[in-house]
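Asker: Sequence:
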Amino acid sequence: MPPFTAEITFTGICGIVPRQDPPTDPEAFCFVLPNAWRTAPSEREMSVDGFSRLRRHAAFATLGTQPLDTNHQRDLRGLWPLQGHRLVFKHEFPEGLDSPPAWDTTLGGLATFEDVANRSLLSVRNVVLNPTFMIIDPNDPKKTTLRTVLAAHAILSKGTLSSKNGAHEWVFDNYLRANPTPAFRRLNHEVTVTIKNLKSLTIERVKFGSTSPDASAMFTQDEVMDGTVFITVANLCDENPLRWGDLPAPDDTPDDDDFRWHYQVIDDPDALRAALAKIGGARCPIPRFTSDQAGGNGINCDPIRFPKVSFGIP
Numbered sequence: 071m072p073p074f075t076a077e078i079t080f081t082g083i084c085g086i087v088p089r090q091d092p093p094t095d096p097e098a099f100c101f102v103l104p105n106a107w108r109t110a111p112s113e114r115e116m117s118v119d120g121f122s123r124l125r126r127h128a129a130f131a132t133l134g135t136q137p138l139d140t141n142h143q144r145d146l147r148g149l150w151p152l153q154g155h156r157l158v159f160k161h162e163f164p165e166g167l168d169s170p171p172a173w174d175t176t177l178g179g180l181a182t183f184e185d186v187a188n189r190s191l192l193s194v195r196n197v198v199l200n201p202t203f204m205i206i207d208p209n210d211p212k213k214t215t216l217r218t219v220l221a222a223h224a225i226l227s228k229g230t231l232s233s234k235n236g237a238h239e240w241v242f243d244n245y246l247r248a249n250p251t252p253a254f255r256r257l258n259h260e261v262t263v264t265i266k267n268l269k270s271l272t273i274e275r276v277k278f279g280s281t282s283p284d285a286s287a288m289f290t291q292d293e294v295m296d297g298t299v300f301i302t303v304a305n306l307c308d309e310n311p312l313r314w315g316d317l318p319a320p321d322d323t324p325d326d327d328d329f330r331w332h333y334q335v336i337d338d339p340d341a342l343r344a345a346l347a348k349i350g351g352a353r354c355p356i357p358r359f360t361s362d363q364a365g366g367n368g369i370n371c372d373p374i375r376f377p378k379v380s381f382g383i384p
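Using our numbering, you'd call the opening residue of the sequence shown number 71 and step up by one each time.
What the hints contain is simulated information worked out from the structure, not anything from laboratory work.
Please note that the accuracy of each hint is not assured.
Said to hold, decoys possible - No more than 20 Å apart at the CA atoms, straight line, and that leaves these computed lysine-lysine pairs for PhoX-like:
# : residue 1 : residue 2
1 : K160      : K269
2 : K234      : K269
3 : K266      : K160
4 : K277      : K160
The structure presented is a predicted model; accordingly, all values stated were derived computationally and were not measured.
Throw the hints in and build the complete structure from the sequences for me.
Answerer: See below:
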């Protein structure tokens with residue numbers, strides 16, 4: 071049987087973190103989903119800036135041979151809630167074939183923290199992901215406390231990483247930058263890792279602090295038959311996290327206020343609060359939908375690319 075392809079899509083509130091290590095080591099990316107389901111709807115968590123109550127989001131993974139979209143009549147092999155879990159991807163390639171060992175990255179549609187902050191008012195070092203979240207030791211039961219902060223964590227070291235430019239333009243507030251030049255981006259709410267030439271792919275869901283999976287699924291070239299496996303890892307608004315087509319989308323795309331969840335997992339939130347206080351108690355910058363455009367499909371919850379952090383590859 072010919073090999074198959076896997077498309078692993080991360081969507082919603084999700085941080086993408088490149089590995090910062092010597093060039094002799096394989097490159098890798100860590101994907102971190104903040105736990106945005108911590109409180110009851112009537113007790114929403116306060117954002118770092120102290121201005122906003124954050125809307126709850128549901129984190130989950132779907133696995134199947136059709137992509138997740140508004141048509142929910144699909145071949146699902148798994149629908150896994152994610153609450154304090156590592157996702158482990160184990161791939162096997164046919165002899166003589168391998169997915170490209172070096173990452174090919176096309177990230178035109180991905181927001182970065184450099185869009186909203188720089189060293190003049192707020193050091194980029196203060197908006198890196200907390201390094202603790204990159205080191206999840208399955209043999210250390212104390213790491214189970216991470217479930218209060220993270221919904222899910224995954225490290226991938228094979229494939230092509232891409233995020234196409236979105237259809238609509240967003241603007242980032244510029245008050246945390248030295249030069250007041252707004253950053254305009256055509257953001258996409260998805261980023262996809264594509265792994266080709268697979269003989270088999272096993273996906274495991276492992277609770278923080280555990281060494282054994284509590285859910286697993288395996289795809290082989292015999293069953294996929296030169297096709298594609300679609301895996302979606304999502305952290306989306308709890309009103310309609312699966313984007314069922316029978317629930318109407320808003321007429322207009324609002325400003326991405328849910329983007330503030332990304333600030334909940336930075337390394338130094340106190341430095342961010344101090345920087346905001348220096349400029350009159352401003353709010354955390356978010357992507358704002360430009361007013362001269364027609365309404366979109368109601369989807370925002372955009373992922374973000376964090377600065378590089380050192381971490382090991384399992």
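Asker: Given the hinted pair K234 and K269, is their Cα-Cα distance within 20 Å?
Answerer: violated (27 Å)
Asker: Hey, K277 versus K160, does the alpha-carbon distance stay inside 20 Å?
Answerer: holds (17 Å)
Asker: If you draw a straight line from the CA of K266 to the CA of K160, is it 20 Å or shorter?
Answerer: OK: K266 and K160 at ~13 Å, within 20 Å.
Asker: With the threshold set at 20 Å, check whether the alpha-carbon distance from K160 to K269 stays at or below it.
Answerer: holds (11 Å)
Comparing the model with each earlier hint shows a violation of hint 2 alone; every other hint is respected.
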